[in-house]
Amino acid sequence: MSTAAQLTSLLANQTLARLERMRLLPLHRKTNRSRGEHLAGKGGTSTEFNDYRDYSPGDDTRYVDWNIFSRLERPFIKLYRHEEELQVVIIVDVSASMNFGTKLERARGLAAACAVMGLMNQEKVSLYACSALGTAPQVLAPCTGRLSFRRVFEFLERLSAAGDVSLEGAIDEVLKLHRGRGLAIVLSDFLTFGNLERPFNRLSGAGLELMAIQLLSPAELDPELTGDVRFVDAETGQMLDVSAAGDLLTIYREHLQQLQQSLGENCRTRSGRFLSLDASLPLETLLFDTLRRKGWLQ
Amino acid sequence: MMSLVKAAFVNVVDSADLLALAWPGVSALSAAWLFLLIIPLVAFYFLKLRRPQVALPSLVLWRQVIQDQRVNSPFQRFKRHLLLLAQLLLLCLLVLAAMQPFWPSDASGQQSIPVLIDCSASMGATDASGRSRLDLAKEVVYKLIDDLQPGQQLSLIAVHGTAERLTDFSDNPRVLKAAVSQLEVRHAASDLSAGLQLAQALARGTRVDSVLLVSDGNVPSTTDFALPFKLIYQVLPPAVSNVGVASLSARRTSAGWDVFTRLAASSPDPTLCQVRILANEVVIAEEAVSVQSSAAERVTFRVPGETAQSIRVELASGTGDSLPIDNTAYLELPASRPLRVACAAGLTSVRLALQAAGTGVELVDGPADLALIDTSDVPQPARVIMRMGVVPADVAAWLTIEPGAFELTDWNRASPLLQHVQLLDVQFTEQAQYQDHATQRDLETAGYEVLAVGAKGPLVLSAQIEDRREFTLLCHPDRSSLPYRIGFPILIANVLEIARQAAGLGDVSAVATGVLPPWRGTPSARYTLRTPSGEQVVVADERGLVSGVQVPVAGRYALSLDGKPVREIGVGLLSPAETSLARVEQLDLTEQAVSATTAPLPTDKPMWRYLVLVALLVLMAEWWLFQRRPGPLWGRAA
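Residue numbers (the numbering used here), protein chains in the order written: chain A, 75 to 372; chain B, 745 to 1382.
Don't read these hints as lab results, they were simulated from the structure.
It is possible that some hints are incorrect.
[As the list claims (entries may be wrong)] Restraint ranges, calculated between C-beta atoms of paired labels, are given here:
1) A:E271 / B:L1361: 28 to 36 Å
2) B:A787 / A:D315: 17 to 25 Å
3) A:Q332 / B:L1361: 39 to 47 Å
4) A:G279 / B:R807: 50 to 58 Å
5) A:R136 / B:R807: 51 to 59 Å
6) B:A787 / A:Q332: 35 to 43 Å
7) A:S354 / B:A787: 29 to 37 Å
8) A:L323 / B:L1361: 25 to 33 Å
9) B:A787 / A:T324: 43 to 51 Å
10) B:R807 / A:E271: 34 to 42 Å
11) B:A787 / A:Q212: 51 to 59 Å
12) A:G311 / B:L1361: 41 to 49 Å
13) A:D246 / B:A787: 25 to 33 Å
14) B:L1361 / A:T359: 55 to 63 Å
Glycine included, C-beta positions come from ideal geometry on N, C-alpha and C.
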């Protein structure tokens, strides 16, 4: 039996096939409502019927197809091409700190999976990869449909981790280039000296629902250290001498937990979501088990 | 430094109990300069603190950890420098060990200590584990050597039949231990006074405060010795019970010999033994006996006397015999013959008395066992000589025999010659008188013992000259009423019995270890003596007398001349005291009594070993805690 060639090194064919039948589940569908709300008032605008989709709480009931409802006893929403598009903005942190363990590999895999789900559900997907401070991010322009798979995969496969970009700076650069409401998926380790409240505010203010995924390797989640060590920051090159590091691990874990709680609180207060994942777990486990159980996918 | 601390403490607290505290001492205070090594140790620690580099994605979290106030608590600061503190502790322990601290005891300060080690026969007794008392004594002395402090010396003295100095005062453990390891059990009873006298002689050259005696307790309970030092009398744990042959003797009878052997035991409980008697290597009797310490068991048997007999008594016990060297005894019985007596013709009354003595006496003219003479010189050799009516030549200048009534003052009734002899109503018509202001002391200085004395001079003299016994009756019996008294035949019978004993024709006793009785052989002959432990040459003097032959080991000794056997003698321990393993709890010395102690000897306890052991544990803990390589998060930084 011959083995089919992998479409991409980021996702196994089986995983890809499964993702094509799944979709992202934002808490609030932040579509481009301005158009939807002014449909009747605009003349000359083509509102082409595109497809049906399941009714989600908050959808405008004017667009429910009652004929189908009478037959199937389930509500469906008529999709119109311009009105119902969801912008999916995937921001991938490719700074030097992501170059440890399998963090970058997982970030690329998760970005590819989210892009596939968005493209398969006729959503506009755009990708931004941020590395060095002061430089423009690498951008994949918004694209839709299945035909955009190859472009997405090639874009993500080319990514490598280097640079010392902070997350604030990365988000600022992205918002300079992006227009539209939707969903912002941020894939990073969130180990930054800066304050993330302002960039989160900016994302929320731009109409983007934040789905923040923190990727940490096992050595960051539960380090094993003893004795006197000299730590070197991979991004900045700064050094820090620590004595009896083994005795400080409990305090380290407490601070890590505080960071995660802080990030989660920041996201929740801005109607977003935060999740910290172990980058050593298989991608399939993260997608079909963890994210699905958390209600991020369906 | 310790004395200064102690003095300061005493001044602060005035308490009699605190004054009695024993403070640890230090033998090598000069080693304290090693504490200066702390300075380079601390310097090197901070200069060369090794920190392996570990790359991290970000220092965000670790900076927060370092700034956490809990990290900067004093306890955390202490933990950060735990390696330095462990190294300082290790250095301090090693320097303290180099200063050789010790916990002082009563023996502290004593520099020269003589050690008397009992090596008598009873020290060969074993316990249930098979270890002899001498093995235990060696262990005690080994420990004493190991606990020697700098400046302390030991002199080792072995005490057995005599005292033998093994080493001079020495602090060399190798020399001392080598001397101890060569100690062997001697087949002799212990002579404690000889050991104490030797220790006293050593004390003349150096200051000695106390002397240590290590023994199983089987020593004379009373010793005539005035202690000029303290005696520490340590007894060892007792051995298991013992049985042995305590004595062996024979008495001549008309039918031959009656042999008597006495068995002794150390246990009050009856011990069943088997006694076997061999004559000329042929078993002539075997008997089962029960022996206990409260009652010595006597075994008697009869041996014919026509020929010489070599008797050996062997004792075997199924249980309770911890000392094997006392299980065998030997006795040489000569062939029976009449006593050969040479009597001067002028001693008519004596001749008549000899004829009345009955069988067993043979009058001869040549060499005899007993010579009864009336001249100063000795015409023929004899074991016993009795002069009558003449003054011996070597005291002729001090005594003359003058006619006149002799007034007897006193006589030695316990003397073998004069026992049962009544002299009070005997009349003598001549008497010996002192000349030139001579006195009895002059006779005694010449080796004579005065057995009967009168107002102006002696009557009966006795002397041991070489191997013969000489008696002198200064008044001729024919010029006295002595032959008509009942005492005269008794006197003759006594001298005959003395001669029989000297000739080995009367009572015979087994020879014990020590020195062989003198024996007359070929003049100037070189005899070969085969001993249980080898061979040696023994030379007779010009008169043929062989004397002073040491027989320290129980067993058979054989004399031979030019390869031909001359004589064989068996030697046994024959010491009731050593066989009984009796334990003396208190030594009665002159004006002093010393009690035995079983407690470990008070010695200064060196502490350096414990400090080194603790230092080793600290080193192992330091290695385990700090020498593990830190596990990197992702690897080493380039």
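For this session: Just tell me: holds or violated, for the beta carbon distance of B:L1361 and A:T359 against 55 to 63 Å?
Result: Violated - the Cβ-Cβ distance for B:L1361 and A:T359, about 48 Å, lies outside 55 to 63 Å.
Exercise. Is 25 to 33 Å a correct range for the gap between the Cβ atoms of A:D246 and B:A787?
Worked result: violated, 51 Å
Exercise. Is it true that A:E271 and B:L1361 lie within 28 to 36 Å of each other by Cβ?
Worked result: Given a distance of about 54 Å, which is not inside 28 to 36 Å, the answer is violated.
For this session: Return holds or violated for the Cβ distance of B:A787 and A:T324 against the range 43 to 51 Å.
Result: With a Cβ separation near 33 Å, B:A787 and A:T324 fall outside 43 to 51 Å, so the hint is violated.
For this session: Hint says 35 to 43 Å; check whether the CB-CB distance for B:A787 and A:Q332 agrees.
Result: holds, 40 Å
For this session: Using the beta carbons of A:G279 and B:R807, state whether their distance is inside 50 to 58 Å or not.
Result: violated, 30 Å
For this session: Note whether the CB distance of A:R136 and B:R807 lies within 51 to 59 Å or breaks it.
Result: holds, 55 Å
Problem set entry | Hint check for A:Q212 and B:A787 - Cβ pair distance inside 51 to 59 Å | holds, 53 Å
For this session: Just tell me: holds or violated, for the beta carbon distance of A:L323 and B:L1361 against 25 to 33 Å?
Result: holds, 27 Å
Exercise. Within 39 to 47 Å or not, the Cβ separation of A:Q332 and B:L1361?
Worked result: holds, 40 Å
Exercise. Does the Cβ-Cβ separation between B:A787 and A:D315 fall within 17 to 25 Å?
Worked result: holds, 19 Å
For this session: Can you let me know if the beta-carbon spacing of A:G311 and B:L1361 is within 41 to 49 Å?
Result: Once the Cβ atoms are compared, 43 Å apart, the range 41 to 49 Å for B:L1361 and A:G311 holds.
Against the hints set out earlier in the document, violations occur for numbers 1, 4, 7, 9, 10, 13, 14.
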